[in-house]
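For reference, the chains in residue letters:
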Amino acid sequence: MSKFLKIFAPAGAGAASVLTLAYVLADQFVVDLPAPLRDAVAVQPAQAQDSAPAAEPTPVAEAPVVQVAAFTEASVPSNPGGYGLGREAHPAEIAAWDIDVRPDGQGLPAGEGDVWTGEEVFVEKCAVCHGDFGEAVGRWPVLAGGWNTLEDADPVKTIGSYWPYLSTVYDYVNRAMPFGYAQSLEPDEIYAITAYLLYLNNLVEDDFVLNNENFTEVRLPNEDNFYLDDRLETEFPVFVRPEICMENCKETVEITMRATVLDVTPEEDGTEEAAALAVEEASVAEELPVAEESTETEEAAAAPTAEVAVAAVDPALVEKGEGVFRKCSACHQVGEGATNRSGPQLNGLMGRTIGGVDGFRYSGVFADAQAAGEVWNHENLSAFLADPRGAMSGTKMTFRGLGSQDDIDAVIAYLTSVGGDL
Amino acid sequence: MDMKFKGTKPSRRAFLSGALAAGGAAASAGVVKAQEAVITEKQPWSQYLGEGVDAFPYGSPSKHEAHVVRRSVEWLTADPISSVNFTPLHELDGIITPNGLCFERHHGGIAEVEPADHRIMINGLVDKPLVFTMQDLMRYPRENHVYFLECAANSGMEWAGAQLNGCQFTHGMIHNVMYTGVPLRLLLEEAGVKTNGKWIMVEGADASGMNRSIPMEKALDDCLVAFKMNGEALRPEQGYPVRLVVPGWEGNVWIKWLRRIEVGDQPWHAREETSKYTDLFENGQARRFTWEMDAKSVITNPSPQAPLTHGKGWTVLTGVAWSGRGTIPRVDVTLDGGKNWHQARMSGPSMNKSMHRFYYEFEWDGTPLLLQSRAHDSTGYVQPTKNELRAIRGENSIYHNNGIQTWYVNEQGIAENVEIS
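If you read the protein sequences in the order shown, they are chains F and Y.
Numbering-wise, this note's numbering puts 264 at position 264 of the first sequence, and it's gapless, one number per residue.
Numbering-wise, this note's numbering puts 368 at position 368 of the second sequence, and it's gapless, one number per residue.
Next up, chain F with everything else stripped away, as it sits in the complex (with noise of 0.2 Å):
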């Protein structure tokens, strides 16, 4: 580093010379460069020289120096022959992990799987996310429909209305599906899922059978519609600058949009927030006078104090436990309205009967709860939420568990303060 700031320092009379350098150096020392980046480079030597006229006197003009010497460190040479290192892999390992499938077709198993199969593996392990006919539930990825919406102001990018492959959805139901227990379709299942994926795309008819065979002769509507990146030609000439205005640039500026006008950034969760927002909400605006604070901060520390006197539970434990249940709240609802999704609903949840829900298909270990009568209390929720499978093997619910007692504690609150009523 310090050799080349002694070389070019002095050197570097104006910052429009050692730039000019700087690059030249990058060129030489940056080991294979990949051709559009070359290319980006290659633009600057000229570029700097005319820019940096234009540029403000600035008494750091000596920091592209530093740079330079960034640039020199060269990566480690490569050793003929290798390093003797690591090991063969086995067939079986290889075929173990290389799942991918490709566009060509490359990675796919043997297997097939029809429409109707389909829509009964979809619906049993798909559709608590994506809806029965993939018009998803919340926020879930919409994978059916969207037809023609790609140029509207709200698109909707589904399989039929987006996706370039079929390939991209075999390869990514087998690798990652079903959310919290991936891998563990079998072929004949994805070919299924990936068949009525299909029709509800209106791509095939009903008695549609995809396979290993027929599976490249598939082709998504939107394949053609993809480019590849042409910001160099694009976006560069507009965008490199040799001259830019600094002063006197425009005569007006106004303000165009606020994001307070929206008013959907997350509030700090810090206690005196959480203190102040009870008393906050409409009333507190900029232009409010500064006198009126110091009451409204006594009154927000007063609040909290008189909410622990009514409450059974600890509130910050329920409100612990809410932030908590988000990581159950994919499968399960609670509260108002609650209804068994692909676990099920919570209300009411302590004092109930294990495996005691109408309408929802337990494992059998939760069946034999139910047929012994045994209900959910404290110490048994507690054990299964920090081991389900431990707690109660063979348990459909995916869920790793809760590594920590003050997080099963706060969710247990949490359930009891917001489903108690059946």
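What the hints contain is simulated information worked out from the structure, not anything from laboratory work.
You may find that some hints are simply not true.
Stated by the list, open to error - Capping the alpha-carbon separation at 16 Å, the derived lysine to aspartate or glutamate pairs in EDC-like fashion look like this: (1) F/Lys320 / F/Glu268; (2) F/Lys396 / F/Glu124; (3) Y/Lys63 / Y/Glu74; (4) F/Lys327 / Y/Glu74; (5) F/Lys320 / Y/Glu74; (6) Y/Lys128 / F/Glu88; (7) Y/Lys339 / F/Glu247; (8) Y/Lys276 / F/Glu223; (9) F/Lys327 / Y/Asp79; (10) F/Lys327 / F/Asp407; (11) Y/Lys276 / F/Asp229; (12) Y/Lys339 / F/Glu254.
Stated by the list, open to error - Ranges of calculated distance between the beta carbons of each label pair, as one might list FRET restraints: (13) F/Pro141 / Y/Ala160: 19 to 25 Å; (14) F/Ala96 / Y/Trp75: 37 to 43 Å; (15) F/Tyr83 / Y/Pro115: 46 to 52 Å; (16) Y/Ser347 / F/Trp147: 51 to 57 Å; (17) Y/Ser347 / F/Ile244: 31 to 37 Å; (18) Y/Lys128 / F/Ala96: 16 to 22 Å; (19) Y/Phe362 / F/Lys250: 18 to 24 Å; (20) F/Gly335 / Y/Ala116: 40 to 46 Å.
All C-beta atoms in this analysis are idealised placements derived from N, C-alpha and C, irrespective of residue type, glycine included.
Here the structure of chain F is known, so what remains is to put chain Y in place on it, guided by the hints.
Chain Y in isolation, oriented as in the chain F frame:
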């Protein structure tokens, strides 16, 4: 949905801080205030002994910094497991992001991997498919580089206009870390890439099996298989025990919990490079493989979460800038919404594809400010305005929003995310 939209009518905290500005102004104007008890009275920390060594075998920040944390925006995602949180840029200085504050983006939660059980496999178009243990990896020559990692969706919520009030939320899907790792090139050379091997697919060991395609040219250039960040082991949420580092490229490609590298003759078109991380234009067509992160900057102080609390007088404006195509030799800032610009003072090391720190010190006269910063990278590219980007891309491309950010600072010093003409 059960969501909390707690307002940013400049938040309560910002308001309180702003209100203090009145008192602060008096002080800076040289008015003699009452003597301060913190000086005239003995303080306990000056009299009584503190904790000895080993009270905190792994140290933590001061309890007074407890508010300096990653934060999330609940309504952004369907659940907290496949989700994202944001680096508190407004609380940081210099260029290095502390490990515990590096934003998180997971697609299947944090994989808890036992390092002794972790393997990296190279297969596909190679002379010899290989399996490496972590111990094998540690026996290769290592390199150290500081690189920024920015999510392609950073600022993606701002395409349609000013939405989130705080640089943590508008720009916090970025961190800048020194990585220690083995050049990916050495591992590929060990396996022997066949002549028709033009692409690699990298894959994670997590429950999303995250996979992306990378052209061989980049794989052999500057990618690292990294196991340390800022000197210590990778944090679990950053891919412990090993992740891929793809300098200058969108964060999604930097596969965490890296377990497999397959060599092929064409790209895979994985879900994360077709359905996601493609940039949809107004005409219904979409760019794919938009890997490089273009030059970008943001003023971190003042900003909505970091108002000017001291009133009139000297203040420090600061921010960060970066480019996936090189260094940042220059940043301009404006106080008046772009009528007049000033060259900021760059400070700290300037490294290729690393974050850069800039400062602009000025005397605030107490009148409202419209703050912007504009990065110039080493290719000559100058950060565009949001409207210039929209003119080319429309408002639905989600990713790669590197437009100029505007903060409005009012007379009280409260800052707000706005857009201007």
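Do the hints match the structure? See the list:
1. F/Lys320 / F/Glu268: 14 Å, holds
2. F/Lys396 / F/Glu124: 12 Å, holds
3. Y/Lys63 / Y/Glu74: The given pair, whose Cα atoms are some 26 Å apart, is violated under the 16 Å limit.
4. F/Lys327 / Y/Glu74: 12 Å, holds
5. F/Lys320 / Y/Glu74: Holds, because 15 Å separates the two Cα atoms, which is no more than 16 Å.
6. Y/Lys128 / F/Glu88: 7 Å, holds
7. Y/Lys339 / F/Glu247: 6 Å, holds
8. Y/Lys276 / F/Glu223: Satisfied, since the Cα-Cα distance of roughly 14 Å is no more than 16 Å.
9. F/Lys327 / Y/Asp79: Roughly 7 Å between the alpha carbons, so the hint for F/Lys327 and Y/Asp79 holds.
10. F/Lys327 / F/Asp407: With Cα atoms ~11 Å apart, F/Lys327 and F/Asp407 stay inside 16 Å; holds.
11. Y/Lys276 / F/Asp229: Distance ~15 Å between Y/Lys276 and F/Asp229 Cα, so the pair holds.
12. Y/Lys339 / F/Glu254: 12 Å, holds
13. F/Pro141 / Y/Ala160: 19 to 25 Å: Hint holds: Cβ distance 20 Å, inside 19 to 25 Å.
14. F/Ala96 / Y/Trp75: 37 to 43 Å: 39 Å, holds
15. F/Tyr83 / Y/Pro115: 46 to 52 Å: Because 20 Å falls outside the window, the suggested range is violated.
16. Y/Ser347 / F/Trp147: 51 to 57 Å: 53 Å, holds
17. Y/Ser347 / F/Ile244: 31 to 37 Å: With Cβ atoms ~22 Å apart, the hint is violated.
18. Y/Lys128 / F/Ala96: 16 to 22 Å: This hint holds: roughly 18 Å between Cβ atoms.
19. Y/Phe362 / F/Lys250: 18 to 24 Å: 20 Å, holds
20. F/Gly335 / Y/Ala116: 40 to 46 Å: 44 Å, holds
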